[in-house]
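A.B. asks: Following the hints, position chain P against chain S.
Just so you know, the protein sequences line up as chains S and P, in that order.
Sequential numbering from 9 applies to the first sequence in the working numbering.
Sequential numbering from 86 applies to the second sequence in the working numbering.
It is possible that part of the hints are untrue.
As a list, the in silico DSBU-like pairs of lysine-lysine whose alpha-carbon atoms are at most 35 angstroms apart [unchecked claim]:
#1 Lys148/S with Lys92/P
#2 Lys331/P with Lys116/S
#3 Lys35/S with Lys139/S
#4 Lys148/S with Lys331/P
#5 Lys169/P with Lys293/S
One side only, chain P facing chain S, incomplete, derived with CB under 7 angstroms [to be verified]:
#6 His89
#7 Ala93
#8 Ser173
#9 Leu178
#10 Ala313
It should be emphasised that the hints constitute simulated quantities derived from the structure, not laboratory data.
Beta carbons: idealized from backbone N, C-alpha and C, even for Gly.
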Amino acid sequence: MQTIISVENLSKSYDNGFQALNNVTLKIHKGEIFALLGPNGAGKTTLINIICGIVNPSSGKVLVDGHDIVREFRATRSMIGLVPQELVTESFESVWATVSFSRGLFGKPAAPEHLERVLKSLSLWDRKDSKILTLSGGMKRRVLIAKALSHEPQILFLDEPTAGVDVELRQDMWHVVRGLRESGVTIILTTHYIEEAEQIADRIGIINHGEIILVQEKVRLMRELGSKQLVLELQEQLRELPPQLDSYDLDVAKEGMELTYTYDSQAEHTGITALLGDLSAAGIKFHDVKTTQSSLEEIFVELVNKIR
Amino acid sequence: MNWHAVKAIYEFEMARMGRTLLQSIVSPVVSTSLYFVVFGAAIGSRITEIDGVSYGTFIVPGLIMLSLLTESVSNASFGIYFPKYAGSIFELLSAPVSFVEIILGYVGAAATKSIILGGIILATATLFVDFTIAHPVWMVLFLVLTAITFSLFGFILGIWADNWEKLAIMPTLIITPLTFLGGSFYSISMLPPIWQTVTLFNPVVYLISGFRWSFFENADVAVGLSLAMTCGFLIACLITIWLIFKTGYRLRL
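For reference, chain S alone in the conformation it holds in the complex:
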């Protein structure tokens, strides 16, 4: 896979001594949707801001499509669109004026037909002449997305794009994001809604305390780090686990009416057959069986807690 962003040994210390990034190395593939997850203050926004040119790195190197972000900033920045976390807009401008401004700022000639397409895709066309201060929070978020898309970027950063927005906008936005990915745009997003990352991302990166903990393809991550549970609904209440079942990772729930067995689905022997045999030998009967799998959120929480 072709690398479009290459971050090498990137560190950032702010003047107050806070180390926001510590020796981060990361590669983003061209055309992928990469979800960067991490708790608040983990360094997600600092990393994005350095790549976009808003924050100066303390050390390390970032290449965008082979161009250095400091020496060849014109080449790198013209490829990038950024939707920031905060709702920061020129309140007294109209939607059309601010979107046109963004396109010009990024070195593109006027293209009303492109801006019209972008505004329509974000349900903003009817409000194109409205002043931004008259818009709701969700509409302002759409304006920021429209500004980022106004100059037809090849790379789009979405920093918490769905924070505080309604379901309709989220659906609109993910529709737009999928459309962009299909047209070859690389998308890097941070989000607190991990289920969104689970649905949309190709690869997941987890960052904590300024360090990348893990970068993995989503499917592989969930397969390798996700555990599965076998849930048995018992016919009779189980007051105490028989000693012959001590070797299994079992939890008794619902006042002894449910037994949960957690196992590694990738293991050569999951232990399910042996468990069922031992349950039968112990006279424990069940009337229903189901399996569940860890969500990305559970994997994320477990990984972050391990580091803590």
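C.D. replies: Frame of chain S; chain P shown alone:
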């Protein structure tokens, strides 16, 4: 060179002028008219001529400079401070633009507004006093140079200011006193010798003197020195802005 960005910033700033026409144009014109009425017609009629020019006419270049300086600083400082305050400066910092394009856009727009204002005040002055401009090309040159120089200074101020108070206090505490004490309403030859020497440390003296020379061929300091000082201040402002963008001072963390 990203000319689309220069155009975008310039047009964006000029559009702001259109929205704030009352504040940008009408207020300075009204206040300048009041100066002409009070100092020109009322008090000026009792003051003898200065260097062969009636007092009402003598203050015309000074009044234009007063508005030009104040508005250049105010327009340029607000232009860059507001996106900083609102947070929308992230877009400028992440755009493929160098400090040259940013300066051309913001300072170009601020200087344009000031020059338009200077022209309007000049036209307003003709309603109150009769005068002819001895060296119109030099007059325009001084007008443009001063507008650009003080717009650059205002831009620096807008980056330096981290709150509205600082943004407002600099013009009030520095620009206005320097302009009033720089010979807007008098010739520095009217001051006692010691104050004439002190006044020469005020850069505004050179601007007003050179500008007044272009009108009446009378100057407190040699016109060449006026031009050199104006250009020197302009270069100093450019170097300061270059350093600001190189280091990211109060722009990039």
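A.B. asks: Need the status of pair Lys148/S, Lys92/P: alpha-carbon distance at most 35 angstroms?
C.D. replies: holds (25 angstroms)
A.B. asks: Grab the minimum C-beta distance from Ser173/P to chain S and call the hint holds if it beats 7 angstroms, violated otherwise.
C.D. replies: With Cβ-Cβ at 5 angstroms, under 7 angstroms, it holds.
A.B. asks: Is the hinted pair Lys35/S and Lys139/S satisfied, with a Cα-Cα distance of at most 35 angstroms?
C.D. replies: Violated, at about 40 angstroms.
A.B. asks: Going straight from one Cα to the other, do Lys331/P and Lys116/S come out at no more than 35 angstroms?
C.D. replies: holds (25 angstroms)
A.B. asks: Tell me if the interface restraint on His89/P is satisfied: Cβ within less than 7 angstroms of some Cβ in chain S.
C.D. replies: holds (5 angstroms)
A.B. asks: Check the hint pairing Lys169/P with Lys293/S against an upper bound of 35 angstroms on the C-alpha distance.
C.D. replies: This hinted pair is violated, its Cα atoms lying about 68 angstroms apart.
A.B. asks: How about Ala93/P: closest beta carbon in chain S under 7 angstroms, or not?
C.D. replies: holds (3 angstroms)
A.B. asks: Is it true that the CA of Lys148/S sits at most 35 angstroms from the CA of Lys331/P?
C.D. replies: holds (32 angstroms)
A.B. asks: With a cut-off of 7 angstroms on the beta carbons, see whether Leu178/P makes it to chain S.
C.D. replies: Holds. Min distance 5 angstroms.
A.B. asks: With 7 angstroms as the cut and Cβ atoms as the points, is Ala313/P at the interface with chain S?
C.D. replies: violated (35 angstroms)
Hint compliance for this structure: hints 3, 5, 10 are broken, all remaining hints hold.
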